[in-house]
Amino acid sequence: MNKIFELKNVSVVYKSGENVAALKDVSLNIEEKEQIAILGPSGAGKSTLLNVLSGLECVTEGEVLYSGTSLYKLKERELSDIRLKKFGFVFQAFHLIPNLNVQDNILLPALTAYGKAEKEWFSYLVEKLQIDHRMNHTPGQLSGGECQRVAIARALINKPEVLFADEPSGNLDTQNGQAVFDLLFDYANENGKTLIYVTHDLEKADLAKRKISIKDGAIC
Amino acid sequence: MLIQNIAKIWKVFNSSRKGIVCIVLAGVIFGMIPNITQLLFLSNEVEFVRESKEKYGKYGFRVAEPSEKDVSILKKESNVDEIYADEFQLTEYKNHYCNWHMSEKFDLNMLGGTVVEGSLPTKEGEICVDENYFNKYPKQKKKIGSKILIPITKKEEKEYTVSGIIREKTVFTDNDEFIFFVYKKNYQKNSVYISLRDYSEMNDYGDKIEKKLQGKMYVHLDLYLSMGYGSKYNFFDQNNMLYKGLYGILLITVCMVLYHLAKICMYDSSESISILRIIGINKNILAISFVVRFLALILLGIFVGVCASFAIFVVMQYSLYDSFAYIGKVFEIYSVEKLLKSVLLCLLMCVIVLLPLVWKIKFQSANELLRKENLFFKKRKRTNVFSLKSRFVGLKIAIHEMKNEIIMSLSGVLGIVLGIVIITGVFYYVKINYDKVEDNRNYETVIKLFDSADFWEDGYDAKIEKLRKNNYGFTKRVKTHSLFYNSVQLKLQSKQVPEQYRKYLEQDSTNRQMLSFGGGIEVQAVLLGYEDKELNELFTINGLEGKTLKDGEVVMLDHIYSNSMNTKDFASPFQSNDTVKIEKDENGEEELKIDCKIKKLTIYPDHDNFIMVFVANERTFENITEEKLPRYVFIDSINNDADMEVLQKLENDPDISVVNLKEKFDKMEEDKTVLNVFMITAFLLCMAIAITVMYSGYYMKIHIRRKEYAMLHTIGFRKSKIFRMVYLEIGGAYLLGCLISIIAANVITKYLYLLKYPEEGNYLYHFPMEVFTIANMFSIMVTVFVVCAILKKASKVLTIKMLHEL
Ligand SMILES: Nc1ncnc2c1ncn2[C@@H]1O[C@H](COP(=O)(O)OP(=O)(O)OP(=O)(O)O)[C@@H](O)[C@H]1O
Ligand SMILES: [Mg+2]
Chain S
525 MNKIFELKNV SVVYKSGENV AALKDVSLNI EEKEQIAILG PSGAGKSTLL
575 NVLSGLECVT EGEVLYSGTS LYKLKERELS DIRLKKFGFV FQAFHLIPNL
625 NVQDNILLPA LTAYGKAEKE WFSYLVEKLQ IDHRMNHTPG QLSGGECQRV
675 AIARALINKP EVLFADEPSG NLDTQNGQAV FDLLFDYANE NGKTLIYVTH
725 DLEKADLAKR KISIKDGAIC
Chain X
50 MLIQNIAKIW KVFNSSRKGI VCIVLAGVIF GMIPNITQLL FLSNEVEFVR
100 ESKEKYGKYG FRVAEPSEKD VSILKKESNV DEIYADEFQL TEYKNHYCNW
150 HMSEKFDLNM LGGTVVEGSL PTKEGEICVD ENYFNKYPKQ KKKIGSKILI
200 PITKKEEKEY TVSGIIREKT VFTDNDEFIF FVYKKNYQKN SVYISLRDYS
250 EMNDYGDKIE KKLQGKMYVH LDLYLSMGYG SKYNFFDQNN MLYKGLYGIL
300 LITVCMVLYH LAKICMYDSS ESISILRIIG INKNILAISF VVRFLALILL
350 GIFVGVCASF AIFVVMQYSL YDSFAYIGKV FEIYSVEKLL KSVLLCLLMC
400 VIVLLPLVWK IKFQSANELL RKENLFFKKR KRTNVFSLKS RFVGLKIAIH
450 EMKNEIIMSL SGVLGIVLGI VIITGVFYYV KINYDKVEDN RNYETVIKLF
500 DSADFWEDGY DAKIEKLRKN NYGFTKRVKT HSLFYNSVQL KLQSKQVPEQ
550 YRKYLEQDST NRQMLSFGGG IEVQAVLLGY EDKELNELFT INGLEGKTLK
600 DGEVVMLDHI YSNSMNTKDF ASPFQSNDTV KIEKDENGEE ELKIDCKIKK
650 LTIYPDHDNF IMVFVANERT FENITEEKLP RYVFIDSINN DADMEVLQKL
700 ENDPDISVVN LKEKFDKMEE DKTVLNVFMI TAFLLCMAIA ITVMYSGYYM
750 KIHIRRKEYA MLHTIGFRKS KIFRMVYLEI GGAYLLGCLI SIIAANVITK
800 YLYLLKYPEE GNYLYHFPME VFTIANMFSI MVTVFVVCAI LKKASKVLTI
850 KMLHEL
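Chains S and X, in that order, are what the protein sequence lines are.
Residues in the first sequence are numbered consecutively from 525, following the numbering used here.
Residues in the second sequence are numbered consecutively from 50, following the numbering used here.
Heads up, some of the hints might be wrong.
[To be verified] Distance condition first, Cα-Cα at most 20 Å in a straight line; then the derived EDC-like pairs of lysine to aspartate or glutamate:
(1) LYS648(X) <-> ASP484(X)
(2) LYS842(X) <-> GLU600(S)
(3) LYS768(X) <-> ASP605(S)
(4) LYS438(X) <-> GLU642(S)
(5) LYS233(X) <-> GLU175(X)
(6) LYS652(S) <-> GLU600(S)
Since the hints were derived computationally from the structure, they do not count as laboratory data.
Make the full structure from the sequences, and use the hints.
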């Protein structure tokens, strides 16, 4: 199998007053089509790892290779394009555009990348995520769980190669949470895509074939 | 308990140092700008009065033949500053007025004039003579200690010993008066001179005081005219009107800046507010303490600003005058009321800005508050911005945002409008006040050949003719330019008269009648005669090398000329190949063909009211005016002794007068430095505030949208695309602002123009497109610079970090 991600001795240090080492000398290989759960206590560096993989957080030391190319040596333009077309990201805090309604928020990446969106895929996503009746609302009018589902739809709209999800069921009840995970895994399995997610829920972590535990910024 | 709570709240707010700085800064601007403007304008006034008094003498009125009672009345007047008395006599000699001052001791500060040589008379029989007297009567020996005969009346002459030579400054360009200071024991105090504390209402004050006195009052004409009395707006009116206009526009601008900064601060502190609400702090206390804290910081800022403005003012005064002497004078006319008014306006503005926030704190649930967007973004259903197939996503988002945040967008646009208008106003003011009028300042000397009263004497023509043939006695090194000069009557048909010129002519009631009945009208014009070599030069400087002028044809200046203001835009009413009818002596008329129109002349007529100017060759000129000889000879420069001597000889010729143009023009421009310092400081301040209002507008726009840009970036928007979005929004706002500012700039520039030229302005004003364009180019440069600076900073944090921060 091909390596899709390769982390070589990656460290991330936040320099704000006191230095905080969020990741310490992490080396990691991720294969194509792998499904990975990241586990660990709060503040361990799970989100940081996800951000580093998805090209959002510059590393202080080490190197991140995506399909053989070093992510942080790419031009800003190329990195943005990869994020737009190849990656999908569900943030812990959603990060939806407050002034656009739900439909616009979901369509935004597709329209930016290709100028058009696949209608069937869009309808499939909103139906599956049960947000089709909230299309004309703004994120401010939605509940936390609804926002999360919108964020997932947005992450999937471009059929990304790699799907990152930071606690995708954090705001959801068991039933809805299960539905979300079903969707993520269905997507990954049916299309043969890579899925990397963070969760505190051991049951959800068991869904993945590979688990990575982080503690104090190091893999154990 | 309550105080503890408030202290807790303030602690939370104060964690954002940037916010505090923003608010205090807004206060500083609000305290400083209006106050320093007032101080500058008042300083300008005080300096102007000081300068006028120093130039022409302090006194405002002379009371002739005052009684004892008059003097005691004057002494009691609060507006009367100083009183001085001497024996004064006015005599006339050969069209010249002679002002005789007789006393034992003279007060030149009061009467004006400076002793350029020798001293004032101190002994019986001594006299201090006007320099001008020696200029007009060069045969008299100009030497200290020499004895001269001075005509006291038409018949009587008296011998005096010259103790000194005095130079008197006057507003009149051709001064025909002489002033003499004569020592006299036991002089009669038949004239009392009073100087005023406040010259700003000289007319009314003069009338008022004259009624109380038995003696007759005469106004000090030089001082009176130099202060602009006698024209529509005197200096004080002008200064005051300019100040009011500027004060108004600055207040609005400063309000705008405050609005922008307050908005930024509110945005930054809204999260703290919502969190405090969530942890259970009473919303009334929260709202009140937020508002009180904001106002307290603003007031602190205002206090600092006011202090700073006074400090700047005092430093400026000291560095200009090396003393604090004039500070008191400024504070005599300083208005505390205006300061208080602007402070109140500031507080009102704060309340207006804060009201929506207070409203939200009171009426929204804590949870809603925490979703930051609710503070700024209205909750309502949103229609789709995109369809399934949409291009130009960035553009659409930008337009969508603009529509949604209409007030914020408009305030940004208004900031741009104010910025452009102020910059245009400043540039325009500089243009109309410092733009040089076209005149003969590139010549050093002019020789007036027919200046003496005796020029009709036999042989005079022949003498001039001979002089002219010999280059007026000069060697070949000196280039002379002879000018034939006469005024002529033009006949115009009313349909020939274009709109602008018609308005000008209609100021005169007979003209108005003639024009409205469609009849012909006679207008004065100037006909200049150039020698052939001069004509060649004329064509060369107008880019028409090699052109010649036939007999019977004239060249016309393409605008109506005046040497007192710039009239380049006042187009002359004829076209090339038109013919003009010129009245020739009593009976005849001559038709002249206009060969072409030109932009510049080599020699200009000395004319301060509006006039058309034609140039003909010598022969045509003689044909029409029957004058064979030039009236004036202009000389570029003289660099050698031999020619200097020739000039001296001409100067000594009583029939010819020689005027040093360089000196004359230099004199017109001297002494303006201190006045300029105040005005330039005011301008710089205006520019600074104009830039600030634009900057704060752009900053607000970008700052509040920062989070959104970061989000777009994380889902894969390229930075360049995001920046393009910002440029687009700001460019759109700028375009809109530019369009609106055309109207506002029109109003402002017209106001400034009418202030400067109250009468002529009405028909001469036109929108200064070139100034507006330059001001816009400047504003665009500022915009590009500011936006790039903000974006450069933003681009560093346009990553996940920013999302963490928020
Ligand atoms: N911008 C930052 N500046 C300073 N320290 C930071 C910053 N971002 C994260 N950290 C620190 O880095 C560490 C790792 O953070 P991270 O967000 O990766 O944790 P996490 O494992 O995702 O925790 P959680 O499960 O609570 O989301 C934490 O100690 C956090 O305080
Ligand atoms: Mg996390």
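_Hints numbered earlier in the text: which of these fail when held up against the supplied structure?_
6
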